[in-house]
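My request is simple: use the sequences and hints to build the entire structure.
What follows is the residue order along each chain.
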Amino acid sequence: MTDLFALGERRLDWLTTRQSTIAENIANANTPGFRPRDLRAFVDLLDAQPVRLAATHPSHIATGARDEAGGHRAGPAQAWETTYSGNSVALEQELMRASETNRGAAVATSVMRAFQRMTLLNLKG
Amino acid sequence: MSDPLSAAFRIAASGLEAQSTRMRVVAENIANADSTAATPGGDPFRRKIVSFETTLDRASDARLVKIRRVAEDERPFRVEYDPAHPAADDKGVVKLPNVDQLVELADMREANRSYQASLQIFRQARELHAMTIDLLKG
Amino acid sequence: MSIDLISAVSGALSPQSAAAHALSAEARAAGAASGAEGASFTQVLTYVAVSGRRALGEAEAASLRGLSGDAPLHVVVGKVMEAERALQTAIALRDRFVASLQDISRMQI
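Chains as they are written, first to last, in my numbering: chain D, 1 to 125; chain S, 1 to 138; chain F, 1 to 109.
No lab work stands behind these hints: they were computed from the structure. Check the hints yourself; a few may be wrong.
[Claimed, not checked] Interface residues of chain F toward chain S, partial, derived using beta-carbon atoms under 7 Å:
| hint | residue |
| --- | --- |
| 1 | Pro72 |
| 2 | Leu73 |
| 3 | His74 |
| 4 | Val77 |
| 5 | Val80 |
Built from N, CA and C at the ideal position, the CB exists for glycine as well.
If you want it as structure tokens, here you go:
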């Protein structure tokens, strides 16, 4: 993908989705039968076609993610997700993942801001 | 999710609320650990327990948490032989609450840990939000 | 607006117009209808003006949705940044165009 800005936006989409998945895991740490989720690695998704996951588990509600026009697209959100093999939520692990996610967002936003600034300067020059 | 970042706020908030309720219930158990019956042979305070359940937020497809209900622990009361006690029955036995202080304290600590974890997520979502908005600043 | 187009346009405007090839590829991809080989300055201007207008429109729509809470923040921000780049590109080209016209008007006949 040559467009850095489009890549940055996809990265932020992935990061915010991951953050809310972690929020779910933490909030539901004491809910019986809750299956914690995580997203597949971002690099693995870059070439992936959006795929609708079959509902393999009762907790997998087969809803699609909404695109900007408000319509449903064949759920990349579900295609992003994997399920832990363990059956309990380790708060510390979740919090570490959350920190990692925010660090990733700091990198992505810094890079995007720098390239925006440079692009505009280049045009004004 | 259409807007995962604002969903994260809602999810964390639901976690804070659920754990707060849990802590309130535990505090009530601790406060009433020795509350015997008002009448001889009557039942004392019965321990309360909370149960959690996942609830789906329609707007964001997010899995929030909520307290399904606050129920009474059906396990039997403790008993002590103390004929002088006002709540003693005709055999001199007093029924005491089925509350174990150590268990309640441990539960309180766990609830607090979960509360702090959701709070941390809330802070990080706020940070992520700020970082994104800052993209538009010169 | 992609970085490729912007650098191609900037390259084309510089004295060493080595990016003319890249520029013509972009203009052709934009569907500019012309019998001539390669991109004319008009084609580029048209493409930039049209995509600039579209980017501004998309940014406005995204901002409105953002204000009513319908669009994710990173999408709104992304569209606004895109509009900034498109607008700046259009301004740069306009300025070069005006400068060229002034140069031409000063030429001895």
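These are the hints, each one checked on the structure:
no.	hint	verdict
1	Pro72	4 Å, holds
2	Leu73	5 Å, holds
3	His74	5 Å, holds
4	Val77	5 Å, holds
5	Val80	6 Å, holds
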